[in-house]
Each structure stands twice: as C-alpha cells, then as structure tokens.
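Asker: This is what each chain is made of:
There are 2 protein chains.
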Amino acid sequence: MKRRDVLKKVGVGAVGLGAAGMALKPRKARAKKVYNWKMVTTWPPHFPVLGEAADKTAEWIKEMSDGRLNITVYGGGELVPPLQVFDAVSSGTVEMGHGAAYYWAGKHPATQFFAAVPFGLNAQGMNAWLMAGGGQELWDELYARFNLKAWPAGNTGVQMGGWFNKEIKTIDDLKGLKMRIPGLGGKVLKKAGGNAILVAGGEIFTNLDRGVIDATEWVGPYHDSKMGFYKAAKYYYSPGWHEPGTTLECMVNKKKYEALPKDLQAIIDTACAKSNMWSLCQFEAKNEKYLVELVEKHHVKLRTFPDPVLAQLKKYSKELLDELSAKDPFTKKVCDSYRAFQKTYEAWNAISEESYAKLKHL
Amino acid sequence: MKRRDVLKKVGVGAVGLGAAGMALKPRKARAKKVYNWKMVTTWPPHFPVLGEAADKTAEWIKEMSDGRLNITVYGGGELVPPLQVFDAVSSGTVEMGHGAAYYWAGKHPATQFFAAVPFGLNAQGMNAWLMAGGGQELWDELYARFNLKAWPAGNTGVQMGGWFNKEIKTIDDLKGLKMRIPGLGGKVLKKAGGNAILVAGGEIFTNLDRGVIDATEWVGPYHDSKMGFYKAAKYYYSPGWHEPGTTLECMVNKKKYEALPKDLQAIIDTACAKSNMWSLCQFEAKNEKYLVELVEKHHVKLRTFPDPVLAQLKKYSKELLDELSAKDPFTKKVCDSYRAFQKTYEAWNAISEESYAKLKHL
Chain A
528 MKRRDVLKKV
538 GVGAVGLGAA
548 GMALKPRKAR
558 AKKVYNWKMV
568 TTWPPHFPVL
578 GEAADKTAEW
588 IKEMSDGRLN
598 ITVYGGGELV
608 PPLQVFDAVS
618 SGTVEMGHGA
628 AYYWAGKHPA
638 TQFFAAVPFG
648 LNAQGMNAWL
658 MAGGGQELWD
668 ELYARFNLKA
678 WPAGNTGVQM
688 GGWFNKEIKT
698 IDDLKGLKMR
708 IPGLGGKVLK
718 KAGGNAILVA
728 GGEIFTNLDR
738 GVIDATEWVG
748 PYHDSKMGFY
758 KAAKYYYSPG
768 WHEPGTTLEC
778 MVNKKKYEAL
788 PKDLQAIIDT
798 ACAKSNMWSL
808 CQFEAKNEKY
818 LVELVEKHHV
828 KLRTFPDPVL
838 AQLKKYSKEL
848 LDELSAKDPF
858 TKKVCDSYRA
868 FQKTYEAWNA
878 ISEESYAKLK
888 HL
Chain B
528 MKRRDVLKKV
538 GVGAVGLGAA
548 GMALKPRKAR
558 AKKVYNWKMV
568 TTWPPHFPVL
578 GEAADKTAEW
588 IKEMSDGRLN
598 ITVYGGGELV
608 PPLQVFDAVS
618 SGTVEMGHGA
628 AYYWAGKHPA
638 TQFFAAVPFG
648 LNAQGMNAWL
658 MAGGGQELWD
668 ELYARFNLKA
678 WPAGNTGVQM
688 GGWFNKEIKT
698 IDDLKGLKMR
708 IPGLGGKVLK
718 KAGGNAILVA
728 GGEIFTNLDR
738 GVIDATEWVG
748 PYHDSKMGFY
758 KAAKYYYSPG
768 WHEPGTTLEC
778 MVNKKKYEAL
788 PKDLQAIIDT
798 ACAKSNMWSL
808 CQFEAKNEKY
818 LVELVEKHHV
828 KLRTFPDPVL
838 AQLKKYSKEL
848 LDELSAKDPF
858 TKKVCDSYRA
868 FQKTYEAWNA
878 ISEESYAKLK
888 HL
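Note that the protein sequences, when read in sequence, are chains A and B.
Residue numbering for the first sequence follows the working numbering, starting at 528 and increasing by one per position.
Residue numbering for the second sequence follows the working numbering, starting at 528 and increasing by one per position.
Since the hints were made in silico from the structure, they are not lab data.
Small disclaimer: the values here were computed from a predicted structure and weren't measured.
Just so you know, not all the hints are guaranteed correct.
Just so you know, same-sequence chains aren't split out, so a pair can sit in one copy or run between any two.
[Unchecked claim] Computed cross-link-like contacts, DSS-like style, restricted to lysine-lysine with a CA-CA straight-line distance of at most 30 Å: (1) K781 - K696; (2) K824 - K693; (3) K860 - K870; (4) K696 - K885; (5) K828 - K870; (6) K841 - K781; (7) K860 - K842; (8) K887 - K702; (9) K705 - K789; (10) K560 - K842; (11) K854 - K634; (12) K718 - K887; (13) K782 - K718; (14) K845 - K860; (15) K816 - K753; (16) K841 - K887; (17) K634 - K565; (18) K758 - K854; (19) K887 - K705; (20) K753 - K789; (21) K758 - K560; (22) K761 - K870; (23) K854 - K589; (24) K885 - K845; (25) K782 - K589; (26) K816 - K870; (27) K781 - K583; (28) K781 - K589.
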C-alpha cells in the first residue's frame, strides 16, 4: 500500500517515477472507472464451499482489479429469491449471479447439461468438455439468448447417492419412494416409479424427519453432515449416479460484461477458473473426514447401490436424454456434443485414471 | 480500446467522466509502473500444452494487468538451459520460470513431492493437497529458502507407463533394462534392477531407435504421438505408475514478487490456477484420439503392467519414500503430509470417483 501513496504523491507522468524503485517505464496515468456490482446467489449466505466460492470469486476480482470492480455478494433470498437469480442477472437488475445451471431447466432444458447429467461426466470430464471440448462455446450460445455469459466456477465432485430409511436392494425398492432429488436425476427416479419431490434446502431435514419424504440426496459427506441427515435416516448410499460432478456457475449480464474494459473481463474469467478448482479441492480434501465421522460416531450404514439397480437407472437416463433431444434441436446439439465427448473421455479414463485407481488396492 | 481513448481525453479526475457511460465514481488517476519480465521454461519453445501453458499464463497476466505486467516467455535453451531455470529465477537473473518441481531434486529432495510421486496422488489429488490440504504452504516454505515462490500451473493427468520393445510379464523383465525415466520413478526402476537413463527430450527418439535405450516414458498419447515413439517401440504400457498426475509449476523470484503491487501478485496467482486447469483439460480432451490413432493406424500394442509387477514397484516406491524421509527432516515433513493426505483422499476416492467410474461398464 505504501507504493500507492508514493505514486499518488509523485503524481501523473512524473519523471521521478523511476526513482521510486526499479527502472521502469512510467505510464501515462488515466482515470479508471470503479464498478460497484452486485452478485446474487442460489446459496444460503456464506454457505460452506458453494457460497464461499461466490464470496471468494468476488474477493479475488477485487484484489486483481485493485478495487476497480467491487462485487457485493448476496445469499439466496437476501436480494432476490434463489431461483430468480437467472432472471435478475438476465434483465440487468443485478450484474452477476452464482448458482448451478440445472436450476434453469424451465428456461431451457439444455441448461442442465452445464451442471450435471445422470451417468454423465465427472468433475475432470466436465472441465475438459467445457474448456477443451466445445462445451463452453455451446454454453455461451445458449446463455447469449438470455443476455448472459457464464463460466464454470466450482464443482462438487462425485456426490453421494443419498439418504434412505430402508435398503435399496432392487429397482422395485424405488417404487413409490418419495425422494428429494432435483433435475434430471428426479426425472430418472420418476421413470423408476418413484416420486421426485422438490424441497428447499432449509426444509429437507424436517421433511425427512417427519416422514413427509422417505429419502433425500444433497451433496456429499461434508455438507450432508452439516445438514444432520444422519439423525433422520440411517442408510447412506454411494455413488451419486445422478450428480457425478456438478458444475457451479458464475454468470454475468452479457451487455454489462461486454461494456467492461478488457482487463476486467479477463479478471472475471480467470477468477472463475480459480474458483472452479478451489471448490472441488475443498470437497476432495474434506469429505473423507466427515464420512468417517458419520460412520464411526453417528453409526450411519454406508451402502453401495446394487449393480442391477444402477444398470436400470442408467437405461432410464439414456431414455431421458433421448427424449430431451427429440424435443428441441438445440438440446440435441448440446446432448450430442456432451455424449460424444463423454465417450472418448471415458475410453481414455479407463486406460488412465481408472487403471491407476486400482493400484491403491495392490 | 475506445473507452481508453475517451478516458485519456477526458483526463484525470474530470467531472465529465460519468457522461462516458454508466454512472460510476471516477477514481483519482495515478501513474502505474509497467513491468517487463522474462519467463524461462524447461520446455521446447511453444511445446504443445506444456510450453503453451507458459505462453498462455503470460498472455492472461498481460490481459488482466492491462499491459502493466508483460512477460516474455523463452523456451528451454533460448535464454538459459532448461535445467538452469531454477537457478536463473532464484538468483533474479530472470523474474519467472515454468517447469516441474522434480527437475530440482538436486537442490532439495523434497521438491519432487510437488511434481509427481510414484503410486502417489493423481491430478485431482495433487490439486486438493496443494490447495486445501497444506501442500502449498509446505511448497512455499521450501521454495522460500531459494528466494522463490511457486504455484501449480498445469497437470498432465495420469501419464502412460512407457514404450517398450518387449512385453513386461514379470518384475525380472525390468532387470538390466535401460529406460529413459526421470525422478523418483527412475530410482524405483533402479531398485528393480533396471537402469534409469537421463536423456533430454530431443534425443529420446534417436536413442530408442538406435537401441542406446531399451524403453522410454514421456507423457501420454498426445505428446508421445508427436515424438514418433511408435516407430521405434511397439509395446505401449499403462498406467503411468511413476507419474500419476504430474504438477507443472510456475515460479517467481520471491523478492521481485513481493515488490509487486498486490493486484499484480493476485493476477499471477490466479493466472496459474487457470493454467493448471487448462493444461489438464487439454490432455484429457486430446489423449484418446491419439491413442486410437496409435493403435489403429500405427499398430501399437497397448498393454497393462501385470498386477504382480505393479505391486513390487509399489513396494519399492514405499521403500524409496521411507529412505528419503530418513535422510532429511524437511523431506519427512513433506512426505508425512503427502502420505496422510493421500490416505484420506484415496479412501474418499474409492467411495466416489472409483465407485462411479465402474458404472461406465454397466
């Protein structure tokens, strides 16, 4: 901060600048605009990892812009309700938003591919599709229709499959099951005869505890512990077939973004990339500790869905994507890109990550 | 760029600023230093992904700093030889460097933990250890001894196990084998009776072709294709037990870094995070295409090391880490942190990524 004071005193274009330290070319000073922006989020205020990712993105942008782009972050409901983030940013009521694209399925079904697809890409795959496989370009094309621009800005990694009050032994055990499960995963459960119930985060525990719902998914051990689900359900299932690497998004009103100076545009883009990595790292570093606590301290029974159940759910997921593609050409375009990428990614993954992962058991 | 011209004309602190667009507070102008820095790298100039990552990091830093931090990137040997990058940045001959920390094992054995450890963490694990598991703090502590500060700035993902002219059926097939394999992997091979040979990138093909070496590892299908190894060896092995997720590094002379304004410090840090993700995405998106080409067009025989061979190599790797730890307290401190993290990470990975990866076979 001292340098700044020195510079202020030395003043604009002063020839004495070089004397302040290293021999550097002074640059012609110019007034810089300060942007005071708002970011609304779908998360409770400062919610672990998810809300923190929004806070940190704003903090990094402020640091990198030397205070020229100040973003005030609002938790869901503080300024607009969580599920109105998309509209608020699209219309320009606020400049930025943070959430997950599958919340906007009602705006366009293709949004869901930019968050999570049942039996789809994991975190590394989502990043690769978005950053090097054409995914970001499709996302840009879709969101431009809504005057939005978004980036991946976080990832949960492979989620858990959820909390149940009975064991899931056959696909029939899902029949009639009232489960809190959003997005495409919920539609797959419906195909299996279950009831996908929408319950806001803050109400899940009470509903599960009172038997209003029979089961729920949320994120993974770290978050699920904080929600206290172990007090209301005893079976905790893996893997999260419905959300294998959910991408969080940071979005900006496109017109306002394009009106920013190029340096601030690049700063937002890069802060999102860091946030994307930061979030996944938090989950990967913390989940095991909480999982052990759930099992050892709270006597949660850890289970894996049986293969025949997963195979059937996978079949339903494929059907669902086929149906979505048949309804709308742009959704088909996104789905085709996603599926083609997943095919080659998984083939390489089988040789690389999967082949390597086995060595831990040697 | 038009905005800048407008601002220049309007001048410092002009009350008319608001008229240029949105109603924003004008900020007192001040001259900003321009830093012209050099980045030396261990890679051939503009080398795919690895050299490109250095180029892109510099490009992003320039964009985000609006040209206040201009970094000229030099390929290995253009300004200093590849393996003098560490010394050149440490001494301040140049400001920045790009490489991989295991090249500096001669400076301190603990450096190797910040690049790749045989049977160690994959890319997602390395990121999580560094960003959320205490790894970065240890890296900072180590590099501060050399007046350096470094960040993860790229990752290869799980590498391939290498090119061989004979099949590896038992651990005895490694005895007497002359293989180009650097770092800790080379030391493990030595324990198995092989000879780890150091050969610079540009000479590997010729040495393999002429039988000076019997085998070589490099990176993965994308890079290995470009090197033409398929013309000199027919067996291509997975997985890369010796480099399961090699972290690339971007380093800065610590004194020069600390003398930068805070915004430029944050810009370097964040550009590295993006570069880290960008590189891994390139490998993950491209490897499969080249692997298919190697097998189908160049008739390369794809093989997996037998489990008993891998189990023995894993045993040797454990011994090697124990020996390294016994020699030096700081190496022990890093190794203990790494191993403790790997243990919990792998336990969670077994429930999450590994459990999910199996579903592709349903």
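Asker: Decide, hint by hint, whether the structure agrees.
Answerer: Structure-based check of each hint:
no.: 1; hint: K781 - K696; in the structure: neither (48 Å within a copy, 58 Å between copies)
no.: 2; hint: K824 - K693; in the structure: within (20 Å within a copy, 52 Å between copies)
no.: 3; hint: K860 - K870; in the structure: within (16 Å within a copy, 41 Å between copies)
no.: 4; hint: K696 - K885; in the structure: both (26 Å within a copy, 18 Å between copies)
no.: 5; hint: K828 - K870; in the structure: between (34 Å within a copy, 21 Å between copies)
no.: 6; hint: K841 - K781; in the structure: neither (36 Å within a copy, 52 Å between copies)
no.: 7; hint: K860 - K842; in the structure: within (21 Å within a copy, 49 Å between copies)
no.: 8; hint: K887 - K702; in the structure: between (37 Å within a copy, 24 Å between copies)
no.: 9; hint: K705 - K789; in the structure: neither (49 Å within a copy, 52 Å between copies)
no.: 10; hint: K560 - K842; in the structure: neither (54 Å within a copy, 60 Å between copies)
no.: 11; hint: K854 - K634; in the structure: within (14 Å within a copy, 61 Å between copies)
no.: 12; hint: K718 - K887; in the structure: between (37 Å within a copy, 20 Å between copies)
no.: 13; hint: K782 - K718; in the structure: neither (41 Å within a copy, 62 Å between copies)
no.: 14; hint: K845 - K860; in the structure: within (16 Å within a copy, 48 Å between copies)
no.: 15; hint: K816 - K753; in the structure: within (13 Å within a copy, 43 Å between copies)
no.: 16; hint: K841 - K887; in the structure: both (27 Å within a copy, 9 Å between copies)
no.: 17; hint: K634 - K565; in the structure: within (22 Å within a copy, 48 Å between copies)
no.: 18; hint: K758 - K854; in the structure: neither (42 Å within a copy, 49 Å between copies)
no.: 19; hint: K887 - K705; in the structure: between (37 Å within a copy, 27 Å between copies)
no.: 20; hint: K753 - K789; in the structure: neither (41 Å within a copy, 35 Å between copies)
no.: 21; hint: K758 - K560; in the structure: neither (52 Å within a copy, 59 Å between copies)
no.: 22; hint: K761 - K870; in the structure: between (36 Å within a copy, 26 Å between copies)
no.: 23; hint: K854 - K589; in the structure: neither (43 Å within a copy, 44 Å between copies)
no.: 24; hint: K885 - K845; in the structure: both (28 Å within a copy, 17 Å between copies)
no.: 25; hint: K782 - K589; in the structure: both (20 Å within a copy, 24 Å between copies)
no.: 26; hint: K816 - K870; in the structure: between (33 Å within a copy, 11 Å between copies)
no.: 27; hint: K781 - K583; in the structure: both (21 Å within a copy, 24 Å between copies)
no.: 28; hint: K781 - K589; in the structure: both (20 Å within a copy, 23 Å between copies)
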